[in-house]
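Put chain A on the given structure of chain P with help from the hints.
From first to last, the protein sequence lines stand for chains P and A. Quick note, the first sequence lines up with residues 1 to 242 if you use this note's numbering. Quick note, the second sequence lines up with residues 1 to 193 if you use this note's numbering.
The set of hints was computed from the structure by calculation and includes no laboratory data. Wrong hints could be hidden among the right ones.
[Said to hold, decoys possible] Restraint ranges, calculated between C-beta atoms of paired labels, are given here: (1) P:Glu-21 - A:Ser-23: 35 to 45 Å; (2) A:Arg-34 - P:Glu-21: 37 to 47 Å; (3) P:Asp-33 - A:Leu-171: 20 to 30 Å; (4) A:Gln-6 - P:Ile-222: 55 to 65 Å; (5) P:Phe-25 - A:Ala-26: 39 to 49 Å; (6) A:Leu-70 - P:Lys-35: 17 to 27 Å; (7) P:Val-192 - A:Asp-190: 41 to 51 Å.
[As the list claims (entries may be wrong)] DSSO-like, lysine-lysine: derived pairs with alpha carbons at most 30 Å apart: (8) P:Lys-58 - A:Lys-131; (9) P:Lys-58 - A:Lys-77; (10) A:Lys-67 - A:Lys-48; (11) A:Lys-48 - A:Lys-77; (12) A:Lys-166 - P:Lys-65.
Note that beta-carbon positions come from the ideal geometry of N, C-alpha and C, so glycine has one too.
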Amino acid sequence: MTHDQIEELASLAALGALDGEDLVFWEETKISDPKAGKLQAELNDVAAQLSFLATETKAPDELRKRVMNTVFASDHDRKPGNTPVNPQSHLGWAATAAVAAIAILALVGTAGITADKESVVVADARPNPQDLHIPLRGYGDYAGVRAGVLWDSGQLGWYVQAQGLPSLPATHRYHVWAVSPNNQLQSCGELVTTSTGTARCFVLPANSIDSMKGFAVTVEPIGTTPSQPGTPALLISPQIQS
Amino acid sequence: MKENSQQEDRSIELELIARIARSERAAFEELYTRYSNILYATAFKFLKQDADAQDVVQDVFIQIWDKAKLYDPTKGKPLTWVLTMTRNRSIDRIRAIQRRSRLRNDFETETTVDESTEIREALSKVDANEKGQILRDAVSSLSLQQRVVIEMAFFRGHTQTEIAEKLGEPLGTIKARARRGLMKLKESLDEQL
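Only chain P is shown next, with the shape it has when bound in the complex (with noise of 0.2 Å):
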């Protein structure tokens, strides 16, 4: 990757403006080269500073009484199903996360408000924020496959990655399913595996994924469209926040 690769990557990323399968090799090549993620969190400051361009705008001075109350609210009217949703605001949450940083995301919908996809919850399941992957409950072979989620804002979907993956017989691949929160299982489709040794696969979040509290792997033979998932591999973001 030439220089001028790494600054024009660095600086669509500060823009907000990476998508599709140049946000995953951002990501990818942030962890492998500290220099490129330096560069971004510069370009990200003068990105920042664009906002300078705004009119210069006092806040209205009741929007600091109702920050203030709605902060400091007690903690049971803060708990989650207890403050008062914006619908908009989780997806915010999420964009966010994943425009300024690496961002790994576990998902966990919630009921009653998953009709606009908007309001899907994510929550950020790293157990250390400083982690750029989150750990998976791997079976034998599996133990020290790495795998994440990364929601991609531009696209509204998620990347759903895996490396170290065994190889598998010509016979049988690699299928995604998501979660549902009474452990059901959708198809997400497969798994596929690149030639750098990363499996990964886009997801929507189409109507038929309404909530979701991760993500699964399966192994399935090759040439049938599997209904009735095999055994889970894999389950990805097992350490849900909600």
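For chain A alone, kept in the frame of chain P given last:
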């Protein structure tokens, strides 16, 4: 001198974030005083509606209170963190409103009429604030093509693919313009701020 002042500001803001992470209300109130105007102005620039802008600013401050312990200074200054949240929440809100009210096509049409409106309007203003004026001078030094790409990405929330499609230009061209524009801005601002 300016550099010292900036470093002092950053130190104060880092300290405030650290105190907020320890749930110190006084620090939160001080941060509100420092940031509320620029956050509101930013949200209002995107949303054009007082009520929507207030909602976004409120959401952002709730996130600051809840997520201060997750703030990572290696990924940008505190102000960058909160401005990025404000921008992204504003764009999400616009997109959500558009979907719900089926106005997306209207907005799409509007954005293709004159993609440099936001920046052009901003540049026409005389800013009493020295920092704002320096920024305007820096942005003025960009080519129109670079400004258009930056505006479509930053102020309209378009992705690189969307920008390429809207402008009918190859994706590589859009990437190059974004890079040259932002790197030039960085150079100008590093020199003057």
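> Can you list which hints this structure breaks, lowest number first?
Replying inline: Hint 12 is the one this structure does not satisfy, whereas the remaining hints hold.
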